[in-house]
Amino acid sequence: MLEVKDLKASIGENRVLRGISLEVPQGSSVAVLGANGAGKSSLIRTITGLLKATSGKVLLNGEEIQNQPPHVISRLGVAVVPEGRRMFADMNVQDNLMMGAFLPRGRKMLDQTMEEVLSLFPVLKERLDQRAGTLSGGEQQMLSIGRALMSRPVLLILDELSLGLAPVIVQEIYRVLEKVRQRTTMLLVEQSVEMALRNTSYAYLLETGSLSRQGASADLLADPGLKEAYLGL
Amino acid sequence: MSLLEIKDACKRFGGVQAISEVSFRVEQGEILGLIGPNGAGKTTLFNLITGAIQMDRGSVLWDGREITGLRPDLACKAGISRTFQVTRPFGRMTCLENVYVPLLENQPNLKGKARQQESARLLGVTGLAGKEAWLAESLNLIDKKRLELARALAAGPRLILLDEVLGGLNTMEMQDALKLIKSIRDEYEMTVVWIEHIMGAIMSVCERVLVLDMGRLICQGEPGVVCQDPAVIEAYLGEQADA
Amino acid sequence: MEDLLLYLTNGVVMGTTYALAALGVTLIVGIMGIINFAHGEFYVLAGYFSALFAQGAGLDPISSMLIAVILVFFVGLAVERTLIRPTYGDELYSLIITFILYIILQNAYLVIFGPFPSKPPNWVSGASNLFGLFYYGNQRLVSFAASAVLIALFMVVMHKTWLGRVIRSVAMDREMASMLGVNTARVNMLSFGLGCVLAALAGVILTPVFPVTPTVGVGVSLTAFVVMILGGLGSFSGCIVGGILLGIVENLGVGYLSSGYKHLFGFVILILVLFFRPTGFFGQKQI
Amino acid sequence: MQAATTIGSGNKPALTGFTPWLVCLAVFALLPLTLGPYWLNSAIMGLFYVMMASSWNLLAGYTGQVSFAHAAFAGIGCYTSGILSAKLGLHPLLGLPLGVAMAALLSLALGALCIRMGGIYLSLTTLGFSEIVRIVIQNEYEITRGTMGLKVPFIIGPYSKITAFYLMLAVAVAMVGLIAWLVNSDMGLKFRAVLNDETAARSLGVNVTRARVFAFVISGAMAGLAGSIYGHYLLLITPHIPSLDLMFHVLAMAVIGGLGTLAGPVVGALLLEVLSEFVRHFSDKYHILVFGCVALLFARFAPQGLVGLVGDWWKKAGAKGGE
Amino acid sequence: ADTVKIGVVGPRTGGAAATGTAFEEGIELALEKINAGGGLLGKKVEVVFEDTAGDPAKAASGIEKLITKDKVAMVLGESHSSAALAEIDVANRYKVPLIIAEAWHDDITKKNYPYVFRAGPCNSGVVNENIIGFVKDYKFKKVAIFAENTDWGMGIKDLAEVALKKAGIEFMTIITERKSQDHYAELNKVKKFKPDLILAFVYGFGVHYLIAQAGEVGMIPGQALLLEGAGPPSLWPQFWDTVGKYGNLELFVSRMHEKVMLTKVAKDFDQAYRKKFGKAPTDYKSRSIYDVILIAADALKRAKSTDGDKLVSALEKTNLEVSSGMVKFGTEKGSYAYHQWQPPMLIIQWQDKKQVVVYPLSGKTGDLKK
Ligand SMILES: Nc1ncnc2c1ncn2[C@@H]1O[C@H](COP(=O)(O)OP(=O)(O)OP(=O)(O)O)[C@@H](O)[C@H]1O
Ligand SMILES: Nc1ncnc2c1ncn2[C@@H]1O[C@H](COP(=O)(O)OP(=O)(O)OP(=O)(O)O)[C@@H](O)[C@H]1O
Ligand SMILES: [Mg+2]
Ligand SMILES: [Mg+2]
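Sequence order for the protein chains is A, B, C, D and E.
Letter 110 of the first sequence, counting from 1, is numbered 110 in the working numbering, and no numbers are missing.
Just so we're on the same page, the working numbering is the position in the second sequence counted from 1, plus 1000.
Just so we're on the same page, the working numbering is the position in the third sequence counted from 1, plus 2000.
Just so we're on the same page, the working numbering is the position in the fourth sequence counted from 1, plus 3000.
Just so we're on the same page, the working numbering is the position in the fifth sequence counted from 1, plus 4000.
Source of the hints: derived by calculation from the structure; they are not laboratory data.
Among the hints, erroneous ones may be present.
[As the list claims (entries may be wrong)] With a cut-off of at most 25 Å between alpha-carbon atoms, the simulated DSS-like pairs for lysine-lysine come out as follows:
1) E:K4005 <-> E:K4043
2) E:K4139 <-> E:K4333
3) E:K4353 <-> E:K4333
4) D:K3151 <-> B:K1131
5) E:K4069 <-> D:K3161
6) E:K4353 <-> D:K3087
7) A:K108 <-> C:K2160
8) E:K4071 <-> E:K4310
9) E:K4353 <-> D:K3151
10) E:K4333 <-> D:K3151
11) E:K4111 <-> D:K3151
12) E:K4095 <-> D:K3151
13) A:K179 <-> C:K2160
14) D:K3161 <-> E:K4071
15) E:K4095 <-> D:K3161
16) E:K4191 <-> E:K4370
17) E:K4264 <-> E:K4194
18) E:K4353 <-> E:K4317
19) D:K3087 <-> E:K4110
20) E:K4245 <-> E:K4353
21) E:K4245 <-> E:K4071
22) E:K4139 <-> E:K4071
23) E:K4353 <-> E:K4069
All values derive from a computational prediction rather than experimental measurement.
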């Protein structure tokens, strides 16, 4: 499905990705882990076209998509739950969700998807008319995921899923993602390593812009050296 | 009397309660670590202390005097200076000129040659020797962080707030940087509050650590103790800490 | 009493047209953070076009208005593409460019259309007796109605349609919108074009009442800016309130204070508002 | 407000050192010997615009604030001094400082009111203010003589273009000198810090609002001075001085010359004044149109202005020569 | 030089740029006539037209340019009093004769500058000999004055107020902005005063709006008549577009009427104009400038020189028939009549889109309709 080959990118002088290769097979769920500032978000921004790759390739179903503008990439069925939620704060929940279905593939089945998403997140159903900016953090995160699902993505990318969320909500969200997983391939970035490893099949470990380790999630979970690597010292 | 005391600070951004009911003290001469997950409100706390944003509720006491909501420039003159997580150099000015600005404001007696020497010295201390005439925008990220530090020092504060100044350093450089942070306290006699995600660094330098999560202060104490705290493990370090 | 009623009526009527003219500026500010100084010039252009087609080419008023608006839309797109796009993110630069554009267009109109006023035929003639108290021009009433309908329509489009949703989402978070598949460059272009269309609509609706000359544009822009600041930068509802407020203040000022200072009242109110409520009536964000 | 990088970059002047300035000044100072009264008039107008564009540049180019009230301040200066001398018989040389003081005072009030609210507000409020000034001058017919214009005495002694020229030259040189000194002084450092990054400047102890208001007041006072001298040269002051038209000329000159540089506005003002005489000769109607198009082309394709262009070219040529 | 240069000043840009167009037409016809007759002093005549944009400062520098750069022998024209008042100082300083055609302010000649002439109406002349006579002769009882806040508007308003007071006629005054497009609130005040005549001293398109809106609020026609004090705006092609049916029965001051040809020159002008531009002359200012150029040419011919002082003495001896009568400048110092020649003015009423002269009574072509 998604293949990244020797991807490099810089923000100004700062080389944030220094040659990263990874693979997300169809129907799988893959985690990218790493300390703060390791470059996880940068990787996602590069895949989704927000950050320019200086070299390397990103292939989606065999098609090269690196350095395409974000709206073109999203047209190919890539949806993102970005770091920091990124609500349209002054629009209500319903309009936020509908914006998720902006592309034809989402608009075609708008009503049906809306119903599905609302049944996944019943909290949102009660708040359709509320301004998104006034939702609580957890609700916003759910809305952000719901919005991404509205486009009926083939690849769902999630950045810092559990960031700032209470554990119960995190569990709730992972439960929802498990359901969605049946029809969508997933790439997720997490800080809470354990959560991520428990919920994915394969994982990559990022350290200052390069891959330091990779392996099946279950193997990594069992590895005692992981914590040290993750904490950076 | 504590150097700085925060009482019941609260700050809300739209739907996000960035800081809620945070109270703590900073004692003269300590190096206080501030950790917590992304978005926990660490930077926001700095912004509240320096008056860059106004708190909804709560107060800041500086040297026993209430300074809540003091404008950033006045906070700086009162003796609190800071660095920025996302660096904010004066891009189209040279490094030397960057350091002139705080010197000019905070040590107006320093003129001409003396000012130049002092600036050059500060750039040297922070590892920017030789780059005095470079435009700040042409520095790489690490050097920009060094410049941030040099500028903050030049303001001659009693309290310096460091926001992730170590990011991107390798192990060797990190050792030097840690020495520098220690010397800020020992030689310059400044008090330090320091945000960093690199636990090893925090543990090796700080006497005391505060842990923020979702805007709340969930734990404070000696680094070793804090690391064992279940709430901290849950919120920040990750459950595998015991592995 | 009767006086007051007349001043209020006229204030509301004029204010509604001010609001219509200011919506376009507000749209462009909200989405692109750009103050379009040449806004009034697009109003004037549409006015000239509609008069030209109605009188020169003998088209009926509705189609000449329509063609005028469409033409101005394309002019707006072209301006965005060639001049405005490179200025994104630099408000100084865009201010300077649109200010120069305003001077150029104003002088170009003078050369092209001459100094004379242009005016399409009235849609209706005569005057009606309002409240049994005073007479009021029918064309004004009709133009007022058209403005009110258009404003309502605009609000509906903004809040109930895909177009509106997309435009608002880009205004709030450009990057996120692009990740949802929105071509933000095109939305910018479209928004600028739409802003010009709003100016053009105001132009074609009002030229029958107030014929256009090459120099009326600056007055239109200034009024729009005042209205926009009164209401709060980027706020559509603020725009409507601000427009009507300005209309009423001007009329009361002329009625009860001094008629020579009509245009001053708006600015005085503006300064007062800036002093006591810098973000305007509906403004939240600082741009 | 970090955005001002494209145009007002707050660079060091492209022309450094005294020599080129002195040579130009010497040549310029000899002009009255060769010019007839017509071109002498142009030279004087040019000097007026040098003062206006340079002082506007202090604001826009060095602190990143686009004010549209600059012409209005010139108007306030010239009307204050003009009314005092024409109606109360004050000597123009005494009226002048009062005009400057009035402009400074009003810019202080205006600056204090709107600078804390940032970029767009400043621009729009100054625009509104400049309209207020124009309307008041036009309507307060009894005092200002409205559009008819107020006759004012010549600045000093009997009317003479040569006197006016040297006086304006001296003031313009002093003004540009002052600006040069200011932007290279500690205050200038603060201006540039504020232009580069307001938040950072604030956190290092810079009182950003005060720095901005200071620049606003200085530049307003300079406009007031330029306006009053100009008025006493014209002998007749009209609402054209505080008009958006004049504002446009000043803006265009500064942009075409190069914002954020010392030489830019000077070069822009002199060059465009001469150029506009030629265009005017060619056709009145197209005069502003041509002017506008040139300004637009520069703003769009060479935002660094003439001085920047020449500087780039010079560097390139130098690099080639060095090979 | 191989041509004799004459300078013309007037607005070609700005709010009154229509006057510039009228001037251009008049200049063209006058030059054709003079050069076809062999020019002057053995040379062809050339006109340099300098734009003043209605702004006094521009006017001053414009005329200075004409004198110092183009070295014109005489300067003619102008239609803004404010601009003219700036020009007369310059002309007098350089000792170059200036003949004002259409700026009405009394001060222009009242200053008694030796180099300044006016071959056109002045406010006092228009008000005292024309407008007040009209008001008195037709027995209007209550007059409302609408004046724009410019020097022309304020100047003529002051004169009208004095004259009305003297005549014992009740009046009220409203000052308005020339550029204002909405007069409802002001008209409301006027309406309550119940005047039977409105004197509109508003120039340009502003007066169109005023007329249309006075009609809309039900003041004209019927309750009152409206006399427009400047003239040309009521003849501009856009007049009827804007005022619609409310233009009927409107009155205006004019120097020209299609039926009233006071002299042979007027007929010649009319014919030449129709031939050249394919339409009837509307803005009388094209004829005003035509007349002034003829006066200048005559003076140049008699002075046989371009010397300023010689031209002044030639001008003082002018006795020339132009389109609106025999020109003779006053020579007695002390009042506005010095170097002034007041052409006869007409008051014309639109009746079913036909111009009917209703004043002076001696020149009537029809009755005043109320
Ligand atoms: N706008 C920027 N300008 C300069 N450097 C940046 C910028 N954004 C990110 N960086 C740097 O790029 C590096 C990678 O950042 P990135 O956000 O990708 O990390 P991350 O792994 O997602 O971290 P986190 O866990 O904090 O989300 C970091 O060193 C960061 O400081
Ligand atoms: N100006 C603002 N407007 C709205 N929300 C804000 C603003 N500043 C911060 N926030 C929000 O407040 C919360 C706390 O942010 P803050 O920057 O303090 O986090 P932090 O602890 O410094 O995180 P990091 O480790 O990633 O730097 C976040 O959810 C952030 O999105
Ligand atoms: Mg991240
Ligand atoms: Mg932070």
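Hints versus structure:
Distance hint between K4005 of chain E and K4043 of chain E is fulfilled; the C-alpha atoms sit about 10 Å from each other, no more than 25 Å. Annotation: proposed proximity of K4139 of chain E to K4333 of chain E is violated, straight-line Cα distance about 35 Å (limit 25 Å). A threshold of 25 Å between alpha carbons decides the hint, and for K4353 of chain E with K4333 of chain E the separation of about 44 Å lies outside it, so the pair is violated. Taking the CA atoms of K3151 of chain D and K1131 of chain B, the gap is about 59 Å. The hint is violated against a cut of 25 Å.
Pair hint K4069 of chain E plus K3161 of chain D holds up; C-alpha atoms about 15 Å apart against a cutoff of 25 Å. Simply put, K4353 of chain E and K3087 of chain D have alpha-carbon atoms about 49 Å apart, too far for the 25 Å limit, and the pair is violated. With a CA separation close to 18 Å, the supplied pair K108 of chain A and K2160 of chain C stays within the 25 Å bound. This hinted pair checks out: K4071 of chain E and K4310 of chain E have alpha carbons roughly 16 Å apart, not beyond 25 Å.
Between K4353 of chain E and K3151 of chain D the alpha-carbon distance is near 44 Å, which puts this suggested pair outside the 25 Å criterion. With a CA separation close to 23 Å, the supplied pair K4333 of chain E and K3151 of chain D stays within the 25 Å bound. Restraint check: the Cα-Cα separation between K4111 of chain E and K3151 of chain D comes to about 14 Å, which is no more than 25 Å; the hinted pair holds. At roughly 19 Å between alpha-carbon atoms, K4095 of chain E and K3151 of chain D fall within 25 Å of each other, so this suggested pair holds.
For a cut-off of 25 Å, the pair hint linking K179 of chain A to K2160 of chain C is broken: about 32 Å separates their Cα positions. For the proposed pair K3161 of chain D and K4071 of chain E, the alpha carbon gap of about 18 Å is at most 25 Å, so the pair holds. A distance of roughly 17 Å separates the Cα atoms of K4095 of chain E and K3161 of chain D; the hinted pair therefore holds under the 25 Å criterion. For the hint pairing K4191 of chain E with K4370 of chain E, the CA-to-CA distance comes to about 17 Å; that is within 25 Å, so the pair holds.
Between the alpha carbons of K4264 of chain E and K4194 of chain E the distance comes to roughly 44 Å, so the proposed pair goes past 25 Å and is violated. Taken as a hint, the K4353 of chain E and K4317 of chain E pair is broken in the structure, with Cα atoms around 41 Å apart against an allowance of 25 Å. Taking the CA atoms of K3087 of chain D and K4110 of chain E, the gap is about 21 Å. The hint holds against a cut of 25 Å. Only pairs whose Cα atoms come within 25 Å are accepted, and K4245 of chain E paired with K4353 of chain E is accepted, the gap being roughly 10 Å.
At roughly 50 Å between alpha-carbon atoms, K4245 of chain E and K4071 of chain E are farther apart than 25 Å, so this suggested pair is violated. Our distance criterion of 25 Å between C-alpha atoms is broken by K4139 of chain E and K4071 of chain E, whose separation comes to about 52 Å. Straight-line distance between C-alpha atoms of K4353 of chain E and K4069 of chain E comes to about 47 Å, which puts the hinted pair past the 25 Å bound.
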